[in-house]
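J.: Below, each chain spelled out in residue letters.
Number of protein chains: 2
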Amino acid sequence: MKEKGTRIATFVRLPLYRSHLRSLDPMPEHISAAAIAGALGFGEVQVRKDLALVFGGGRPRTGYVTKDLLAGLESVLERRGAGDAVLVGAGKVGRALLEFDGFSSYGVEIVAGFDNDTAVLGKTDSGKDILPLDKLIPFCKKHKARVGVIAVPVDQAQDVCDMLVKAGVQAIWCFTPVRLEIPNHIIVRYENLAASLAALFARLDGLTV
Amino acid sequence: MKEKGTRIATFVRLPLYRSHLRSLDPMPEHISAAAIAGALGFGEVQVRKDLALVFGGGRPRTGYVTKDLLAGLESVLERRGAGDAVLVGAGKVGRALLEFDGFSSYGVEIVAGFDNDTAVLGKTDSGKDILPLDKLIPFCKKHKARVGVIAVPVDQAQDVCDMLVKAGVQAIWCFTPVRLEIPNHIIVRYENLAASLAALFARLDGLTV
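Note that the protein sequences, when read in sequence, are chains R and A.
Each residue of the first sequence is one higher than the last, beginning at 0 in numbering that gives the first Met the number 0.
Each residue of the second sequence is one higher than the last, beginning at 0 in numbering that gives the first Met the number 0.
These aren't lab readings, by the way, just hints derived from the structure by calculation.
A few of these clues could be false.
Since copy identity is lost for identical chains, a pair holds within one copy or between any two.
[What the hints assert, rightly or not] Once the Cα atoms are required to be at most 20 Å apart in a straight line, the calculated DMTMM-like pairs of lysine to aspartate or glutamate come out as: (1) Lys66 <-> Asp24; (2) Lys122 <-> Asp83; (3) Lys143 <-> Asp204.
One chain only, chain R, in its complex shape (with noise of 0.2 Å):
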């Protein structure tokens, strides 16, 4: 179905229409869906479908009253997405996943990282723990972490993976290049950045996509 698709892809573009309205200085009283569409160079019609889905209709032809419009995109992120993931592995990818700053806008965050090797144990620079992995079971059982991130050896990613659904998480972010079996009420994504930046070359390179 259509319209189940586009329910994340719209979630997941409320936080650039929430930015754009926060960084209108000064704020106008009224906005267009055109005027936005324009400034974030999407469609016309997308940013009204996007809006209509999160406050469930359409608006006049006027516009939308902006401090509303931003209440309301306010509101439906607070409620959404929120959660707490935890991290594994925190090698290069990992550590940088840990300390990325751009989790906070879309309610989501990293709260802590685990390792097995002890010489990266302590707080990263922005002051979040990285924690010895006997602590990652009862760490996301205590904070009901629901998302746990894969960064470690290709070697390590399945045990990992099976301490996380012990623990408690119901989806799983692999950096890993691996295919883990997991039971399947737990959601994976992979994400696999060499294939990605691969991919990109082999379009060069005259592959269609």
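Following the hints, put chain A in place on chain R, whose structure we already have.
T.: Frame of chain R, contents of chain A only:
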């Protein structure tokens, strides 16, 4: 067309076949699509199709000659997708990408980083250069860089994009959450890590894909 759609997907799976074959010790004389599929968690039909696209035809049911299959994969992977990328923005994410050691198995590399902050210039742990931004265009031209990776703050992304286009790159891999204005002949891939994590939480909250 379905067939078109499979080509890049096939391409990005090839390194997984290669690393599986390389990991076999001792290497068997023959190997079947079923055995490869089982080891990697893929469907047998998919493996057969992927390898057929690479080798231009079917194989007898006894399986592939393992060393010929490996040699074929090496050859395709060497030919396809090879190339150098440059990165602009040596913050946390940028530096992690620059130091990420997973690209090489896909035959691609980020060869150098650029930044306008003199404090981050120099060599990375793995010996890659982080150069001042005014060296970007001459460097790209000299090294024939084909892909530019953008990992700068939002307000600098468009300027950096314009420089990369001027420098002759053919594709942009953008980690900054913006929409770029860019000539049509340039391929752009946006990577929004925060949106990806937020989308995982959204699915847990009952939003459908």
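J.: Compare the structure with each hint and give your call.
T.: We went through each hint and held it up to the structure:
Proximity of Lys66 and Asp24 under a CA criterion of 20 Å is satisfied intra-copy only: 12 Å inside one chain copy versus 65 Å between copies. For the homomeric pair Lys122 and Asp83, the shortest alpha-carbon distance inside one copy (18 Å) is at most 20 Å, but the shortest distance between copies (35 Å) is not. Taking the closest pair of Cα atoms, Lys143 and Asp204 come within 20 Å of each other only across two copies (14 Å); inside a single copy the shortest separation is 46 Å, beyond that limit.
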